[in-house]
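> First to last, the protein sequences are chains A and B. Take 6 as the starting number for the first sequence in my numbering and just add one per residue. Take 6 as the starting number for the second sequence in my numbering and just add one per residue.
What the hints contain is simulated information worked out from the structure, not anything from laboratory work. The C-beta atom is built at its ideal place from N, Cα and C for all residues, glycine as well. Worth double-checking, as some hints may not be accurate.
To be verified - Only part of the chain B face toward chain A is listed, based on derived beta-carbon distances under 8 Å:
1) Arg-37
2) Ile-69
3) Val-85
2 protein chains.
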Amino acid sequence: MNYPNKKKSFQKEVNKANLGMTLESDIDATNRYYLDSGIAVIHKKPTPIQVVNVSYPARNKAKITEAYYKTPSTTDYNGVFKGKYIDFDAKETNSTTSFPLKNIHPHQISHLTSVEKQNGIAFFIIHFKPYNEYYILPIHLLMPLWENQYKEKGRKSIPYAYFKDNLHQIHFSYQPRLDYLKVIQTVFNF
Amino acid sequence: MNYPNKKKSFQKEVNKANLGMTLESDIDATNRYYLDSGIAVIHKKPTPIQVVNVSYPARNKAKITEAYYKTPSTTDYNGVFKGKYIDFDAKETNSTTSFPLKNIHPHQISHLTSVEKQNGIAFFIIHFKPYNEYYILPIHLLMPLWENQYKEKGRKSIPYAYFKDNLHQIHFSYQPRLDYLKVIQTVFNF
Numbered sequence: 006m007n008y009p010n011k012k013k014s015f016q017k018e019v020n021k022a023n024l025g026m027t028l029e030s031d032i033d034a035t036n037r038y039y040l041d042s043g044i045a046v047i048h049k050k051p052t053p054i055q056v057v058n059v060s061y062p063a064r065n066k067a068k069i070t071e072a073y074y075k076t077p078s079t080t081d082y083n084g085v086f087k088g089k090y091i092d093f094d095a096k097e098t099n100s101t102t103s104f105p106l107k108n109i110h111p112h113q114i115s116h117l118t119s120v121e122k123q124n125g126i127a128f129f130i131i132h133f134k135p136y137n138e139y140y141i142l143p144i145h146l147l148m149p150l151w152e153n154q155y156k157e158k159g160r161k162s163i164p165y166a167y168f169k170d171n172l173h174q175i176h177f178s179y180q181p182r183l184d185y186l187k188v189i190q191t192v193f194n195f
Numbered sequence: 006m007n008y009p010n011k012k013k014s015f016q017k018e019v020n021k022a023n024l025g026m027t028l029e030s031d032i033d034a035t036n037r038y039y040l041d042s043g044i045a046v047i048h049k050k051p052t053p054i055q056v057v058n059v060s061y062p063a064r065n066k067a068k069i070t071e072a073y074y075k076t077p078s079t080t081d082y083n084g085v086f087k088g089k090y091i092d093f094d095a096k097e098t099n100s101t102t103s104f105p106l107k108n109i110h111p112h113q114i115s116h117l118t119s120v121e122k123q124n125g126i127a128f129f130i131i132h133f134k135p136y137n138e139y140y141i142l143p144i145h146l147l148m149p150l151w152e153n154q155y156k157e158k159g160r161k162s163i164p165y166a167y168f169k170d171n172l173h174q175i176h177f178s179y180q181p182r183l184d185y186l187k188v189i190q191t192v193f194n195f
C-alpha cells in the first residue's frame, strides 16, 4: 500500500524552514541596521493568512482558532532607499552546480516585472549555500533564462557558472551582515 | 457588580470593522485598477499574525489552530508609481467637526517620518464619512499638529476646517473609485 510517510514528510518541511531562517534572519538584521542607521526603510511583509475563526477567551485579546496560509501575490521585501523603490525576494539552494528555477514562483516574476515597468529596483538575492555566496540577480537578467525553460529542451535551472561570471556578489560581514544595498547601487548605477 | 458586557463589546468591534471595510475595499479596488492598467504597483500589506500552533489534518494543507494579531510596525499600503516610493495609511471618522489624532498610531508616525527622510512619498488618506470627503494629509503637514497634542492644552484633534482650507481632496468616481495618485502628483509636485 502506498501510505504517505507522514513523519518523513514533516521532517523534510522542518528542515526546509530552518534553511530559510538563516538567510531570512540575516536579511532582517541587515534591514534593522539600515533602519536604525537612517540608510533605508525596508521591511519584510507579513505572511498572508486567511482567518476563518476568532474567539475571545479573555478581554482585549482575540485568539485566532482557525486560519490558513494564503499564497502571497508579491515578494517578501520592499521599501525605499535614497528615493528609489526597492523590491526583492531571497532564495537559497544546496546545489553546487546550478540554481533550480522551480524555487521561483510565477507570481513573483509577474510582480517584479510590474515593479520594473514602474522604474522600481527589482531583483532576487540568491544564496549558494555550499559556497556561502550571495548574488544579486536583477529581474531583467532573469527574464530570458526564465522564459527559456518553457521552450523545447529549455534549461530548468541557471548554471552556477552564470552567477560566477556575470553577477555581483554581496559579501557577508559583521554589520550589516549582508550589505546588499551597496551592491544594488553598483548594479543599478545610482 | 461590574461584569463586562461581552455581547455589546463584541458588537461594537464588528461595527468598527465594517466601517473600515468600505474605505479599505475602495482603496483595494483602486489599487487593482492601477495594477491592471499599468499605472502603479501598490498593495495592502497582510495583517501580521503570530502563529503559535499548526496542525496537519489533511495532506498539503496546514491548519493554523492558535495564532494572535500582532501590532504592525509600518503602514498598511506601499508600492511604486513612476519610480517613486509610495507609503500611506487610510483613516476615517464619523465626526463632522474634527479628526481625532488618537486614530493615528505612534508607530505609523515614526514609519512615515523615516520614509520621508528617504525621499519617499508619505501621507494619510483621511475620510470624513458625514461629508463623504477624502483628503490627502502629507506627513510633513501632520507633524506640527501631531507634536502639538503633547503640549499643555495642546489640541488632540485636527479641525475639519483645516482640511477644507488647506488640503487637496480625492474625488470619488466610478473607476478608479479613489484616484489618489492623481492628487498625489499635484500635492508632491512630480
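> If a hint holds in the structure, say so; if it does not, say that too.
Outcome of the hint check:
1. Arg-37: violated, 11 Å
2. Ile-69: Check passed: Cβ of Ile-69 of chain B comes within 4 Å of chain A, closer than 8 Å.
3. Val-85: holds, 4 Å
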